[in-house]
Each structure stands twice: as C-alpha cells, then as structure tokens.
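Undergrad: In order, the protein sequence lines correspond to chains G, W and S.
Be aware that the first sequence starts at 1, since it is given in full-length UniProt numbering, and climbs by one per residue.
Be aware that the second sequence starts at 1, since it is given in full-length UniProt numbering, and climbs by one per residue.
Be aware that the third sequence starts at 1, since it is given in full-length UniProt numbering, and climbs by one per residue.
Worth double-checking, as some hints may not be accurate.
[Unchecked claim] Subject to a maximum C-alpha distance of 27 Å in a straight line, what follows is the list of computed DSSO-like cross-link-like pairs (lysine-lysine):
id: 1; chain 1: G; residue 1: K315; chain 2: G; residue 2: K337
id: 2; chain 1: W; residue 1: K227; chain 2: G; residue 2: K337
id: 3; chain 1: W; residue 1: K366; chain 2: G; residue 2: K502
id: 4; chain 1: G; residue 1: K283; chain 2: G; residue 2: K346
id: 5; chain 1: W; residue 1: K109; chain 2: G; residue 2: K50
id: 6; chain 1: G; residue 1: K315; chain 2: G; residue 2: K283
id: 7; chain 1: G; residue 1: K337; chain 2: G; residue 2: K50
id: 8; chain 1: G; residue 1: K369; chain 2: G; residue 2: K346
id: 9; chain 1: G; residue 1: K325; chain 2: G; residue 2: K315
[Stated by the list, open to error] If you want the footprint, here are the derived chain G segments under chain W, 3+ residues with CB under 8 Å:
id: 10; segment: 23-37
id: 11; segment: 198-210
id: 12; segment: 235-244
id: 13; segment: 300-306
id: 14; segment: 389-398
id: 15; segment: 476-484
These are computed hints drawn from the structure, not numbers from a lab.
As the structure is a computational prediction, the values presented were derived from the model and not from experiment.
Positions of the beta carbon are idealized from the N, C-alpha and C atoms, including for glycine.
Next come the chains, spelled out residue by residue.
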Amino acid sequence: MDQGVVDLSRLQFALTALYHFQFVPLTLGMTFLLAAMETVYVITGKPIYKEMTQFWGKLFGINFAIGVATGLTMEFEFGTNWSMYSHFMGDVFGAPLAIEGMMAFFLESTFVGLMFFGWNRLSRGGHLAVTYLVALGSNLSALWILVANGFMQDPVGATFNPDTMRMEFTDFAALVFSDDAQAKFVHTTIAGFVTGAMFVMGISAYYMLRRQHREFAARSFRMAALFGVISSLAVVTLGDALGRLDYLVQPTKLAAMEGIWHTTTPPAAPWTAFAIPDDVAQKNYAEINIPFVLGPLVAHSFSTAIPGIIDLEQKARVNTVRGIKAVMALHQYSEDKDPAALATFKQYEQDMGYGFLAQRYAPDQDLSKLTADNTPAVLDRAARDTIPNVFVEFWGFRMMVACGFAFVLVFAFGAYFSLRNEIEKHPWLLRASMWAIPLPIIACEYGWIVAENGRQPWTVYGWLPTYMSASSHSVGYMIFSLIGFVLLYSLFIAAELYLMFKFARLGPTDHAAPKPLEGGGPLTFSRPGYADKSWQ
Amino acid sequence: MELYAILKLVWAGLLGVLLIGLGVMMGMDMGVGTLLRFVGRNDGERRTALNIIGPHWEGNQVWFILGGGAIFAAFPTLYATSFSTFYVVMILLLFSMIMRPVAFEYRSKVPGNAWRETWDWAFLISGALPMIIYGAAFGNVLQGVGFHFDWTAQYHQDESFIWYLLNPFAILCGLLSLALSIQQGGAMLMIRGVEPIYGRARTYASAAGLVAAVLFVLGGVWIQFIKGFVFTGKVDPSMPSTPLGGPAVARQAGAWMDNFHAIPILWVLPILGVVSMVLASISLRANRPALGWWLGALSWIGTIGTAGVAMFPFLMPSTTNPAQSLTVWNATSSAYTLGCMVILAGIFVPIILCYTAWCFSVMRGKVRVEDVVHDDHSY
Amino acid sequence: MTRLLQIAALAVVLVFALLFAVVAGDYAPWYFAWMVGTVMIILIAAAGAVLFETQEAGRADGRDPSF
Numbered sequence: 001m002d003q004g005v006v007d008l009s010r011l012q013f014a015l016t017a018l019y020h021f022q023f024v025p026l027t028l029g030m031t032f033l034l035a036a037m038e039t040v041y042v043i044t045g046k047p048i049y050k051e052m053t054q055f056w057g058k059l060f061g062i063n064f065a066i067g068v069a070t071g072l073t074m075e076f077e078f079g080t081n082w083s084m085y086s087h088f089m090g091d092v093f094g095a096p097l098a099i100e101g102m103m104a105f106f107l108e109s110t111f112v113g114l115m116f117f118g119w120n121r122l123s124r125g126g127h128l129a130v131t132y133l134v135a136l137g138s139n140l141s142a143l144w145i146l147v148a149n150g151f152m153q154d155p156v157g158a159t160f161n162p163d164t165m166r167m168e169f170t171d172f173a174a175l176v177f178s179d180d181a182q183a184k185f186v187h188t189t190i191a192g193f194v195t196g197a198m199f200v201m202g203i204s205a206y207y208m209l210r211r212q213h214r215e216f217a218a219r220s221f222r223m224a225a226l227f228g229v230i231s232s233l234a235v236v237t238l239g240d241a242l243g244r245l246d247y248l249v250q251p252t253k254l255a256a257m258e259g260i261w262h263t264t265t266p267p268a269a270p271w272t273a274f275a276i277p278d279d280v281a282q283k284n285y286a287e288i289n290i291p292f293v294l295g296p297l298v299a300h301s302f303s304t305a306i307p308g309i310i311d312l313e314q315k316a317r318v319n320t321v322r323g324i325k326a327v328m329a330l331h332q333y334s335e336d337k338d339p340a341a342l343a344t345f346k347q348y349e350q351d352m353g354y355g356f357l358a359q360r361y362a363p364d365q366d367l368s369k370l371t372a373d374n375t376p377a378v379l380d381r382a383a384r385d386t387i388p389n390v391f392v393e394f395w396g397f398r399m400m401v402a403c404g405f406a407f408v409l410v411f412a413f414g415a416y417f418s419l420r421n422e423i424e425k426h427p428w429l430l431r432a433s434m435w436a437i438p439l440p441i442i443a444c445e446y447g448w449i450v451a452e453n454g455r456q457p458w459t460v461y462g463w464l465p466t467y468m469s470a471s472s473h474s475v476g477y478m479i480f481s482l483i484g485f486v487l488l489y490s491l492f493i494a495a496e497l498y499l500m501f502k503f504a505r506l507g508p509t510d511h512a513a514p515k516p517l518e519g520g521g522p523l524t525f526s527r528p529g530y531a532d533k534s535w536q
Numbered sequence: 001m002e003l004y005a006i007l008k009l010v011w012a013g014l015l016g017v018l019l020i021g022l023g024v025m026m027g028m029d030m031g032v033g034t035l036l037r038f039v040g041r042n043d044g045e046r047r048t049a050l051n052i053i054g055p056h057w058e059g060n061q062v063w064f065i066l067g068g069g070a071i072f073a074a075f076p077t078l079y080a081t082s083f084s085t086f087y088v089v090m091i092l093l094l095f096s097m098i099m100r101p102v103a104f105e106y107r108s109k110v111p112g113n114a115w116r117e118t119w120d121w122a123f124l125i126s127g128a129l130p131m132i133i134y135g136a137a138f139g140n141v142l143q144g145v146g147f148h149f150d151w152t153a154q155y156h157q158d159e160s161f162i163w164y165l166l167n168p169f170a171i172l173c174g175l176l177s178l179a180l181s182i183q184q185g186g187a188m189l190m191i192r193g194v195e196p197i198y199g200r201a202r203t204y205a206s207a208a209g210l211v212a213a214v215l216f217v218l219g220g221v222w223i224q225f226i227k228g229f230v231f232t233g234k235v236d237p238s239m240p241s242t243p244l245g246g247p248a249v250a251r252q253a254g255a256w257m258d259n260f261h262a263i264p265i266l267w268v269l270p271i272l273g274v275v276s277m278v279l280a281s282i283s284l285r286a287n288r289p290a291l292g293w294w295l296g297a298l299s300w301i302g303t304i305g306t307a308g309v310a311m312f313p314f315l316m317p318s319t320t321n322p323a324q325s326l327t328v329w330n331a332t333s334s335a336y337t338l339g340c341m342v343i344l345a346g347i348f349v350p351i352i353l354c355y356t357a358w359c360f361s362v363m364r365g366k367v368r369v370e371d372v373v374h375d376d377h378s379y
Numbered sequence: 001m002t003r004l005l006q007i008a009a010l011a012v013v014l015v016f017a018l019l020f021a022v023v024a025g026d027y028a029p030w031y032f033a034w035m036v037g038t039v040m041i042i043l044i045a046a047a048g049a050v051l052f053e054t055q056e057a058g059r060a061d062g063r064d065p066s067f
C-alpha cells in the first residue's frame, strides 16, 4: 500500500466527517426542542409557540439540508475510499448502516417534508406527531451510526472467518447492546441536545440584548435554558461513563487521553490537569498534577493501577510476535487450504491484527521476508504504532471537557435567571450565551477527534490496521476528490452561514402575516425585486 | 437448495427491488431537476415545479442512501469493489448529489436573479448527471470491469476511469436512464402541476418515453455483440462468500442472452420494458399523467429486470481475472447477516411504503404559482 | 364496569412498563436512561414554558412576578 494514499484517504475522511458533524448535533437537538415547543403550542393553544416552532424550524431547515447532503458522502465513502475495510468488516458494519436507512433515515426524511409543508393540511395533533417522528428518526439515525461505530471501538458479536478472509457477524444483540454503542449513543445525542439548546438560547439572548422580539425571545430562552441545563449535566455524566469504558476496552486510548506514560501506582496516582506531552521522547513537560484523583476518576477505584503507554507498548510487542505467526499461517492457508496452517492460525488468531501491523514494516510488506536481523526493528516500529498521538488525545480531551463544564454553568445561570424572569438584567450572561453558540459544535468535533484518533492505528480496534483498510487508489485520484470536496464544502458553508445569519438577524416578527403579492401574476426575472419577501 | 443459497437469491431479488425503487422515486425527482429550467420559464413557475416534489424529495432520496447501505450490508465485497473501482465516477456522482439538498433548501431563501439562477444550474447538473452515471454503471458492469484481488481480498484496479466515463455502450445506458427519469419527473409535474408547466412537462415527458424505448431496443441489439460471462467450472451456490478460488469463468459474445434462451418466459421483462415506455408516452399525450407515472414505474421494472436477468448470477464480472468476478454466490454477507437483514427488511420496507403513501396522499392536489409565492413554507 | 376496565387496562400498561424497565435496565441501561431522560428533558422544557405563561398571567394581575 502506498502510504501517501492512505494518509490522503484519512485526511479526506476526517475532513468530510468533521464537516458533516458540524450540522448533525444541531439536528439531533433542535428536532426535540422543536417538538417541545410544539407540545406547548398544542397544550396551551397560544399562537406564539407555533410561531416559535416555525421560526426555529426555518433555521433548523437551513442546517438540516447541508447535514443531509454531507451525510450522503459518509454513506458512500466507506466503499469509495476504504474498500479493504468494507470487505473485511462489511458483514458486520454494513448491517447497522442499512438498518439506519430503513428504520431511521426514511422516517426522518419522509416526515420532515410534512413538518415543513403540512401545517395547513394536518390537525394540530397530527402535525405534533409528525414533528416527534422527525425527532425520533434523526436520533434513531444516530443510534445505528453509533452502533456501527461501537463495533470499530469494541468489536463484539463477530468472529474472523479464514475461509472468507473477513469478520463475520455472529450475535446481533451483542452488537446493538454493546456498552460502547450504548454509552456513545447517549453521550452523542445529548451533546446534540446541548448544541440545539445553546443555539436557541444564544440567538434569543441576541434579541434580548437588542430589545427585539421580547415576548418571543423570553419564551425561547426559558425553554432552551431548561432543556440545556439537564442535557449538559447528562453529557458530563456520560462522558465519565465513556472514559471508564475506554479504560476497560481501549487502554491505549485512555493512556493517551490522560497522558499516562508509566503505569500508575495507586492510590496516590495523580490526574494531570496540564502538560505538554512529547510523543517522540515519550514524556510530559510542564506537568500540573492533582494526586489521588486519577484512580477514582477513571477506574472508579482507589486500588487499581492504570497501565501506562510504555508498558502497553511492551505488551503490544509480545502480541506482534504472535500476530506475525497468525498472518503467515493465514497466508499459507489461503493458498493451499492446509489444515495444519489453519490450526496454527487458530492458535494465534487473537493477535492477527498485530501481525498485519508488522506487515507494513516488513521488507516489501511481505512477512516471509523477515529474518532474525530485521525482525526486532519491525517489532519496535509496529509496537510504537499501537499508541495513538498523545498530544492530540490529551488536549482534545481537555478542550472537550472544559467546554462541557462551561455549558453546565451557562445553562444553570440562564435557567435560574430565566425562572426568576430577570434575565434581561444580566447582559453579561446574554452575551456569554450568544458567544457560546459555536462552542458545543467545537466540543462535538473534539469528541469525534478524541474517539477516532484514539482508536488509531486501527480501524477496528485490535483487528484491522488503518493502513490496510484504504482503497488502492492513485495519489491523483485522491487529489482530485480532495480538491472537489474542499471547493464544494467551502461554498456550502459560506452559503449556510450567510443564510443563517441573515434569518437569525431578521428574526421572527415579519414572519407571521401572509404577504400580498404585487399583481399576483406570473413573475419574471426582468422585474427587479420580484417576490421580494416571498422566501418567507 | 441450502438455506444460504436461498438467502443469497432473496437478497439478489431485494437488490433488484431497491435499484428499481431508486430509479422510480429518485429518478422522478432527478427528472424534475433536469426539466426545471425548461418547464419553468420564470421564477414563479420554477418554484412551483420545485414545490411539486418539495414535500417528498427528501424521502425519495433515501432510496439512494438505502441502496448504498443495503449493498454494504448484503453484498459487502460488491460495495467495496464497485465503489472503489469506479472511484472518479462515484465521486462525480457524489458531488452532484450533495448539491441537491442544499439547492432545494437555499434557492428560494434569497431574492436575486444571480443566486437563483446559480442554484437552477445546480438542479440541472444534480438531476441529469446522477441519472447518466446510474445508467452508465449498468453499462460498464454489463461489459465487465478490469479488477483483481490479492490474497487478502484487497482489490486492484486494472483500467483507467476515463474508459468508464467515455465508452459508448455505457453512454447509451446512461442516456436511457436519463430519458426514463425525465419521463417519470414529467409525469409527476403533470400530476400536480397546472398550465403552463403541465403542457411543457407533457411535451418533454412523452418524447422522453419514446427516446427511452428506442435506446432500450438499441441496447438490446448491441448486447448480442458484447462479450458476456459464463461459468465453465462447477458452481456451488452455497459456497463461502469470497471472490478467491471460485469456479472458472469464460467470456463469450452474446453470453448475456443465455438465460433468456434457457428460460424463454424471461422475455416478459424486456417486452414489459419497451411496451410500458411506449404506453407511458401515449398516456401522457392523452392527458392521463397518473397512468403514465405507473407505466413509467413499470418501465423501470422492465429495464432493470432485463439487465439483472441477463447477467444473473454475475453482479460485477472481471475482464482481467474472470474467475474472480463478483457474483450473487460469492459477494454476499454471511448467512447470519443475510438472515437478520431479511427479517428487518420484511418488517420495515412495508412500513416505509405505507407512510410514504400516506405522505403523498396528505400532500396531494395541484400546486399553483400563487399558492407557492404566498406560502410561508414553500421552497 | 367501564371504570373497572379502565383500571384494569392501566394496570396492564403499568405492569408492562415495569417489566420493560426491568428488562431494559438489565440489557440496555443507557438506552433506557436515554428514553426516560429525553422524555424528562422535553417535559421540563415544556413545563418551563407553561410556568412562564402562569407568571405572565400573574404579572398581568399585579401579583409578584417572580416565583
């Protein structure tokens, strides 16, 4: 495999996934927030809540379109750029993606049309049901995507089949109910709730600061603040649960996140609040440590030692020796179906992935060319590979956590002052809410980076290395697609932000009354200012 | 026949259903996108055309996504190999597809000729190009594709992408698919549109039906001279799903006709295709757009059914190493996955069809220019 | 008689919900938490809005606007 192509494929996937993930959290949260607003409309019958649902629904629509568009890329990119991965894991990984389409995306997309267009064609209750179905559909989408992702983090419910050279599905329930999928689903969707709540609260704060749309803004602020305060607490709780899971199933990710180079000595093991980790020298500079915190934080225990990176590397070296035997036996079995080779493979099967890791550094990427002389160097490099980039993990994690706690504070103050109806007396909080609008999205992006960079060097943890997973394209192909994505996506984000700011600034007032159209006749391009406000 | 072989057959059938659903539902929206600049001569008319499919395009597009997901789940090796082999073409398809949702949502939100004109061009590209590529993919697969696998089942490409874009048979298939989509989209514009959109759509759609019929017959003649693929070794339908170490395969001119010679009843499919295209064209002319729409759907069944039956059991034959061709027998998931997915599809596909039909019935009725420009929620 | 049937139906729903909670709590604790939590988040946000209306009405009547 050409390493340049692998790196470009990774770059493209990271860019498209991070880009897509700017819009997803807002969709996840806004749909339920819209449903809550419409619920109040149906209960109280006050038209202002319908207006709120429609205005925030319009902003939601601007975001939703681009989320759907960029989601298309994700569904197809596994096939276009990760063919070996798709072949090797498709038997397990494809199923949740297909179920997502059948169970969730169809639901969401079919009803979102009715949600926008059906106001005059459905009863109040009917439309409310449609809004809830859209919310449920978008969150079920997240469920199946995260079930698929859970398999990449913690591959349960599947075994390797040497006859078909791939992982095969054995236990549907184990996959769906895997701890990682469960915790990640809740963490991610609730992070979406936080994003949606911050969006509504921030824009409402903007109106309050300008003393515009006050009736509208006060109600929106109240609902968003209450929605957000519980969500932000839940996100922090789930973040803790995920950290513990990483400790249990992905020790390399956890060690990198916390910058632990040497296995800790309980109970005094310190939690490192600040450090500058150096991946090459394998040590931290400028550490600020808080003793006695790490054990209870990560393992929920004072007596457990947390394995450090240097020890994990030594362990990986042993795995790699066994893995090389597994891969060589597998290669032989694939050629002559020799039962003895199969028996050897079965003996070392659990370490096969490490053998593939070593294959990258073998002469000509051929393990049979390993000799006593070159083996130690190959083992060292493969073992070093098993550790993700510590600097990125350490700081990505800390940025995300810092954002999370900041949200709890902002929402808590917002909810408190809103409940006392004195929110307009605290412009500092309004300003903080407004400037905090993009922060949840940034925190979500950090979350993705921590989760997926921390999984490296694997696409499926412990089984398939990333370098093997990519399609065997030429560099030219990759440059073509990368340039295309960058150009298109830049245009999209420019259009999105333009419309979002335009409509958010415009606010809801001139939204309600239907506008008469000059003449009412067919419009032509030649008339300047045609259908001036008809986009409302 | 063993259970595994039956499951593989069931999924080959479901793959066909999905591809037909994709052609009918997404093709309809694509046709509207392609026709947008031609049926709408001013802004109000164009917005009306967009709002005719406005409430439904999002749901229809999921057929495309589900198509990708289902191929991934049921035919992972096919998904991996075809999407990567056709890389440049697939990326072009993606680029054009991702413009569409954005174009729908953003076009009418800003007044201004330049803004809306730009998005109208985006509709044309994102309507026509995906349909051409969709058809061309069938055209390429029918001729065989240059790829082989190494021992880890990683594919290697043996051909340039330029061939996939520029070979004449693929272009013919692409135009056929484009014509079918225009027919379908035109029928929908007639069902929910009024004059002048109605009349223009009628002209384009009925012409497209006839063009499609001619292209389909032309393709049928052409296929006699194309080298098809045929098994020469012993085939075990329950074989483990791997492209490595399968039975021998030979290439012969006209081999794609073998299934029709062996089972003459299969001729129903191509005949259904041509007859429906012509009848659809006639009924659109006769101002029966709903009938024309359903006949358009039958045209898709005939067309994709014909291609599928001709190739069966091949899915994506290899010209450079025919023994590693991907077939219904060697490119599927494990029996467990296929079984799970059959059960889930059996539950969810009928539900999807029910609520899709309900949405269409809620939003039924004519869309008029004055309604669109007065409505707060329209595109 | 109708009242009795209603109570019986409610009891069945209650038993079913409890069974579901027990099973879900064992096999899918976080999924279950999500369902309960999301419903709670929506209800609290909605309750906040209803409270707002009550406060507004109270203010209109000249009573203490804060709670």
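Undergrad: It remains to establish, for every hint, whether it holds in the given structure.
TA: Here's how the hints hold up against the structure:
A C-alpha spacing of about 31 Å is found between K315 (chain G) and K337 (chain G), which places the hinted pair above 27 Å, so the restraint is violated. For the hint linking K227 (chain W) to K337 (chain G), the alpha-carbon distance of about 33 Å lies beyond 27 Å, and the restraint is violated. With a C-alpha separation of about 32 Å, the suggested pair K366 (chain W) and K502 (chain G) falls outside the 27 Å cut-off, and the hint is violated. With a C-alpha separation of about 38 Å, the suggested pair K283 (chain G) and K346 (chain G) falls outside the 27 Å cut-off, and the hint is violated.
A C-alpha spacing of about 21 Å is found between K109 (chain W) and K50 (chain G), which places the hinted pair at or below 27 Å, so the restraint holds. Distance check on the hinted pair: K315 (chain G) and K283 (chain G) sit about 19 Å apart at the alpha-carbon level, within 27 Å; holds. Taken as a hint, the K337 (chain G) and K50 (chain G) pair is broken in the structure, with Cα atoms around 68 Å apart against an allowance of 27 Å. For the suggested pair K369 (chain G) and K346 (chain G), the alpha carbons sit about 22 Å apart, so the restraint of at most 27 Å is met.
Under the criterion of a C-alpha separation no larger than 27 Å, the hint pairing K325 (chain G) with K315 (chain G) is consistent with the structure, at around 16 Å. Counting residues of the segment 23-37 of chain G whose CB lies closer than 8 Å to any CB of chain W gives 0, so the stated coverage by that chain is violated, three being the minimum. Beta-carbon proximity to chain W at under 8 Å applies to 0 residues in the segment 198-210 of chain G; the threshold of 3 is not reached and the given coverage is violated. Against chain W, the segment 235-244 of chain G contributes 0 residues with a C-beta closer than 8 Å to a partner C-beta. That does not satisfy the three-residue criterion, and the hint is violated.
Under the rule that three or more residues need a Cβ within less than 8 Å of chain W, the assignment of the segment 300-306 of chain G is violated, with 0 such residues. Using a Cβ-Cβ cut-off of 8 Å, 0 residues of the segment 389-398 of chain G lie near chain W, which falls short of the minimum of three, so the contact claim is violated. For the segment 476-484 of chain G, the stated coverage by chain W is satisfied: 4 residues place a CB nearer than 8 Å to a CB of that chain, which reaches the threshold of 3.
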